[in-house]
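Chains as they are written, first to last, in this note's numbering: chain A, 1 to 399; chain B, 1 to 605; chain C, 1 to 288.
These aren't lab readings, by the way, just hints derived from the structure by calculation. Computed from a predicted model, the values in this text were never measured in an experiment. One should not assume that every hint holds.
As the list claims (entries may be wrong) - Straight line, CA to CA, 27 Å or less: simulated DSS-like cross-link-like pairs of lysine-lysine:
#1 K179(A) x K142(B)
#2 K151(A) x K235(A)
#3 K147(B) x K386(A)
#4 K142(B) x K381(A)
#5 K147(B) x K381(A)
#6 K381(A) x K179(A)
#7 K365(A) x K287(A)
Stated by the list, open to error - Computed, partial: chain B to chain C, Cβ under 8 Å:
#8 L61
#9 L126
#10 L132
#11 P265
#12 G307
#13 V314
Note that beta-carbon positions come from the ideal geometry of N, C-alpha and C, so glycine has one too.
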Amino acid sequence: MKKLIVAASLAIFAGGSAFAETKIGAIFDLTGGLNIYGIQQNNALELAVEQINAAGGVLGEPVTVVGYDAQSELTKYTQFTTTAILRDKVDVLFAGLTSSSREAIRPIVQANNTLYFYPSLYEGGACDKQTFVTGSSASQQLDVLIEWAIKKYGPKIYIMAPDYNFGTISAHWVHEYAKQYGGEVVGEDFLALTVTDYAPTIQKIQQSAPDFVVALPVGANQTGFLEQFAAAGLKEKMGVVSTNYGSGNQQVVVSPAAGAGLIASQGYFQVVDNPANAAFVAAWTAKYGSSEPIVSVAVDTWNAVHLWAAAVTKAGSTDIAAVTAALESGLSFDAPNGTVTIEPGSHHLRQNIYIVEGDANHSFKVVETFEGVAPAYENAKCDLIKDPTIATQFTPEGM
Amino acid sequence: MTLSQRLYRASAWLFPAIAVALALCLSFVMDPYLAFLGASWVIFGILGLSLDIVWGRGGFLSLGQTAFFGLGGYLGAIAAVNLAPVIGNTLLPTLPLAALFGGLCAGVLGALIFLARMGPLQATILSYTFTLLLWSLTQSLKFAVGKAVVGGDNGMSGIPGIVIGFGPHARALPPNGVFAVCVIVAALAYFATLALMRSTFGRVVDCIRLDIQKTELLGYDVRRVQVVNMAWAGAVAGLAGGLFALWSNYLNPSMFSVQEALLPPIHVLVGGLGTLAGPFVGALTIGGLSFWLGGGVAGGQTTLILGIVLVLLVLFLRNGILGAFDQLWRRFLPDPNAAARDAGEVRINVGDLDRIMREAEIQVGPAKTLSTDRVFKQFGGVIPVNNVSRSFAPGRPMALIGPNGAGKSSYLKTCVGVYQPEGGRVMIGDTDVTHAPIFRRVRLGMGVKNQKPQVFGALSVYDNLWTAAFARTRNKAKAADVAGRVLAMLGMTAQAAVEAQALSHGQQQWLDIGMVLCLAPRVVLLDEPAAGMTNEETRELSLLVRTLARHTTVVVVEHDMDFVRTLEGHVTVLHQGEVFTEGDIDSLRADERVLDIYLGRRQHV
Amino acid sequence: MAPDFLATVLLSSLSSAAILLIATIGLAVVFGLMGVINLAHGEFLMIGAYTALTVTQAGVPYVLSIPVAVAVTMAIGALVEVLVISRLYGRIFDTMLATWGISIAFYQLAVLTFGTVSPGIGMPQISVQIGAYSLAVYPLLMNGVALAMLGFVYLLMTRSVYGMKARASIQVPEMARAIGISSARVNTMTFALGCGLAGFAGAVLLPIVPATPSMGFAFVIKAFLTVVVAGPVTLTGSALAALGLGGGASVTASFLTSVAGDAFFFVATALLLWRYPLGISARWRRKL
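Just need the whole structure built from these sequences, with the hints factored in.
See the structure below:
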C-alpha cells in the first residue's frame, strides 16, 4: 500500500509539469550502423518541428522534442520507449527504423496507450490502435513494380532476397503479383546478411535465365551483389528491380557501372518533382547541406510529424483518443512525395509510388509515377474502426 | 581472530546479503523508472555471474554466455506466453525451463569443447562463433509454438510481465515489484553458486583453472567437471534470459549480437574476475554509466566507450573493483604466508611413511605392476618409443636411464596416458589401460610426479594435500585424516595455512610428492625428481624413494647417475626408443656399450 | 549436369576459397607466430579498404592505393602491438578481449569518420564466357593474388632475417632468446605484418566488397574458423582449410541454397574441430 502511495505521489509530482507544453519523443539511431537512416529521420523531425513552431506551434504552444539515441541497438529502444513514456511523459512518439525496433516499441506503447508513429518502409501488416505507419509497405511497392517490370522485361522472375522478415515476406508478394500479372518465378535465393560472395547466386541466376531479377539487398554488404552482378556482364541480359535499392542511398555506394539502369520503386526519391518537394529540399539543404541525398524514411518522418500536428489542431487537444479520431477521419496532407492520406481502418498511408531508374551519376530519374496507391493488403486485413482491439502483425498465409 | 578477519572471511555471503536486504527495502520507495532500469542491471548481473563461473572459476573464457541467455529467454518466453493465460503465474513456468534449456545447451557445447580436449583459444573462438551463428540463424527463424510466435528478425512480442499471482485474473507486477523479484532471483542464483563453489565440486573447478593436468593426475575426471560447470553457468545464463524476457516483454535476435556479447566480460572485469559478486557490481556501475552517457541525443557513443573501457580494463584493472578492494583489505590483515619463511629443511620420517604406506595397502590393496608390451609411438618419421616391453614390480626402485633423446620421457608419457601409442599394450596390474584416459589410470593406482613441481599455488598447503586425498577417499573426514598425516610426515604442519605459491621451489617439490602419497598409489612414476634439488634434499628424496619401493612399484626416470646409484635399484637403459640393456647400476657402469651411448662414441650412435 | 555450369561452379568456388584465404592469411600469420587470435582483424581489413578508397578518391590510381593501405594498417598494427598486445604477453584470454575492444572501438570510429555510406570504386567490367555462362574476371584474379600472398609470406619467412627470427622464436623460444633475438621486436613486426596483410586484403577486395564500417564483420567469422581449423601451421594449414571450407561451402551453395552453403561451412568446422581439437595441422612436422 505504501508503495502505491509513493508511486502515485511521484507520478503526480512528475506529471505536474506535463500539461504546460506539448512534448514529442523521438528515438532514432543517431550512431551505429543504422545511423545513415536515423540521422536523416531525426533531421526531418527537427526540421518539421521547427517549421511548426515557427508557424505558432500546435494549439498555440510550441512543441518540444525529447530526443534519444538508440545507437542501432535494439535493447535501447525498449529502454528509451519506457523512458519517454514513464519519465518524460511524451504525448506522442516518433521512433524506429527496423521492423524489430517497431516490434520492441509496440508492446510498450500499447500497454501505456501512447500514440506512436512508425516512419519507415517495411514488410507490412503491423496493426494496432496506437500505431500509425507513414512508410510504404512491401505489397504497396511490389504491386506496381512487378506489373511494370513484367510489361517492360518479360514474365520470368528471379528473386534475390535477404533471409529475414523483410526479404521472405517481400518474396511472397513477388510470387503473388507474378501470378496476378502473368509472370513466373523461375528461381529464388535467400541470403544471410553477412554474405559477401555472390558467385553461387549469380550462377544460379544464369542457370534459370530470368527476364529480370528482383534484388532486395539490405545493408552495404549486400550492395556487393550488384557490383558482382554487373561485372559478370549480366546487366545487358536482364533487368534488375528493387523495392529497397536507394532507401539507404545505395546508389551512392555502388559504382556507376553497376548502378546505371537499375530500377527502384519507393514512396519517395529526392528527384521527385513537385512544389512541396522543392520547398522541402530547399529547407533541408539550407539547414543540413546537400552532401547526402534525402532518403524516403526522412520524408516518412516529416509526413508523420505534420500529420500528427494537423490531427492535434483538428482535435483541439493532445488527448490520444481525440487525436486518433482526427487521424482516422481520413486526414490528408500535401507532402514532398505527393498527396498522402491516412487510411482510417489500417492506419497506413495511401500514397504515390515512384518507379525510378539509376543513372551514371549516383542518382535517379523518375520513370513512372503511380498516384495514390492504397496499402491494399493492410486495408484488407486490418480494420481498426471495426475492431479497435487488434494488436498484431499480419503476415501472408504460411509466412 | 580479529573482527576484521572475521568480516573478511564472511564477506562472500555477508555483504551480498546486506546488499540484497538493502535493495529489497529500496524497492518499496524507489522511482518506478529507476526500478525498471535497476531490474535490467540486476538481470545483467546474473548474466555476468554465469560468465564468472566458467571464466573466473573454470578458467575458460566463454563468449557464448549471451547465447545461453538468449536461448533460455526464448524458451522461457514461449512457456510464459502459452501458460500465463491458464495459470497466471509467469515465474514458475518460465524460469526453471529457461535455466534448464540454457544449461542443456551449454552442456552440449561444453561437451563438444571439453570432451574433445580443445585448446583454450579454439574453445573461446568456437563459443564466440556459436553466438554469432545463432545471431544470423535466428534472424530468419520463424515458427509458432501454441500462441507464441517466434518471428525471426521481428522477434517475439506479447510476452507477459512478471506475474506472481495465480489464476486468469492475476496481474503483472509494476516496475518496483519486478525489481524486487529480480533481486530475489539474483540472490538465489548467487547463493546457490556460492554454495556450489565452496563444495568439493567448486574446489575441483578451482584446481582445474590452476593446473588442469595436475588435477587429472590426482584422478579427477576433469572433463566431466568442466562440462558440468559449463552447464551450471549456462543454467544461470538461461535463468537471466528468462527473467529478461519477462522484463522486456519482447525478444529479438539482437540478444545474440556482438554488442550484447560484449557486456558480460565487461561487467565481470569491472566488478572483479572470479569473485562471483563482482559481476553485479560491474553491471550496476556500467549500467549506470551507460545510462548517464546515452541518456540524451548528445553523447551516444556507448559502444565506442565500452570498447575502449574493455581495453583499459584488461590493461590496468585486472582485478576489478572488488579485487582492488580485496587487495587493499588484505594489506591490513595478518599475512597468512608469514609461516613460509620459518619452514625448515624437510626430513623424511621413515617410520611415518612406512605406516602411511601399510595403511594404504590395507585400504586399496597390494602394489601393482606396471607393464608395457611392445608399445610403439611414432611422430611423423620419429619413433621415440619403439616396441618397448617392460614390466616394473615392487620391492626396489626401478630406474629408467638413457642419453638425451633416448625416449625416456616419451615412454613415460605413454605410460601416464599423455600420449596414445600406435601399437602395443600398457597394463596396470591386470588391467589394460592402453587407451584409458589419465584419470582412470590414476584411479587404478598410478601416481605421477612430473619434473616441475605441480601444486595449486592459490590453495593452502593443507588444501593441496586434502584435495589429493579426497580424490581417492571421496570422504571429507578420511581425506582430512590422510592429509593431516602426510602434512606431519613432511614436517610442514606449521605451514598448513600457507599458500602453496609462497613456498620455495624445493618445498613445492615435497608438497607435490606429498600429494602423490595422498593418493596411496600402487605404482609411482617419478620424472627426474632430483632436478633442481640441493644435495641434502636429494639424499632425503633417495631415502623416500627406497622406502616407498618397499611397499609399491616405483619407476624413476632420471639422468643424474649419482642419484640413480644411491637408489640401489634395477636400472633399464633406453636408447633410440628401444631397451638397450639392463642390470644394476654398477654392472652398467662397467659396460663399455653404455658408456659409448652416453659419451656419443661411434659404434652405437 | 551441363559441363559449362560445372566448370563455372568449380572456377568460382576456387575464387571463393581464394577470397577467404586472402582475408585469412594475416590472421593466420599472427596466430601461427604469436599464438594470438586478433579479434580486430576484420577492422584492419576495413581500415585497409577505407584507406585505399580515400587515396583513390584523391586521384591516385587504384593499384597504387594498395601499398598505401598496407603501410597504414601496418603502422596502426605496430602501434596496437606496442601499446596493448605486448603488455598482455602470455595472457591469451586478455589479449583476445583487448583486441575485441579495439575492434569495436575501430568500428565505431569508422562510423564516425566515414559515416555508413561511401561510394564504391566498382569492379572492372570484364567478364569471360564459358558456354552459356559468363563470369566476372576480377574474382578469378583473386586466385593469383592468393597464390602471390602465400608465396610472399613463404619467402619472407624462409629468406628474410625477420622470418628466420620469427620462426626461431616460435620453435625454440629459449634458444632464440639465448642468441639475442628480441622477441618483443619480432612480435611487433609479426603483428604489424598480420595487420598489413589484412589491410592488403581490404584494399584488394574493395572492388568486390564496398567499404563500410561493418565489412570486416562479414569476413571474420569464417576467417576465425578457418584459422582455428587450420591450426598452427600458417601457410599450408590455412590454405588447405580455406580451400576445403570456403570452396566446399561455395560448391554447396551453387548446387543447393546459400543457407546450405553456410551450413556446410559450420558443420564441417565442428566435425574437424572434434576430430582435430588443436587444428588439422597440430601434428604436422612442417612449420610453414
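Comparing the hints with the structure gives:
no. : hint              : in the structure
1   : K179(A) x K142(B) : holds, 25 Å
2   : K151(A) x K235(A) : holds, 18 Å
3   : K147(B) x K386(A) : holds, 24 Å
4   : K142(B) x K381(A) : holds, 21 Å
5   : K147(B) x K381(A) : holds, 19 Å
6   : K381(A) x K179(A) : holds, 20 Å
7   : K365(A) x K287(A) : holds, 25 Å
8   : L61               : holds, 4 Å
9   : L126              : holds, 7 Å
10  : L132              : holds, 5 Å
11  : P265              : holds, 6 Å
12  : G307              : holds, 3 Å
13  : V314              : holds, 5 Å
When each numbered hint is compared with the structure, no violation occurs for any of them.
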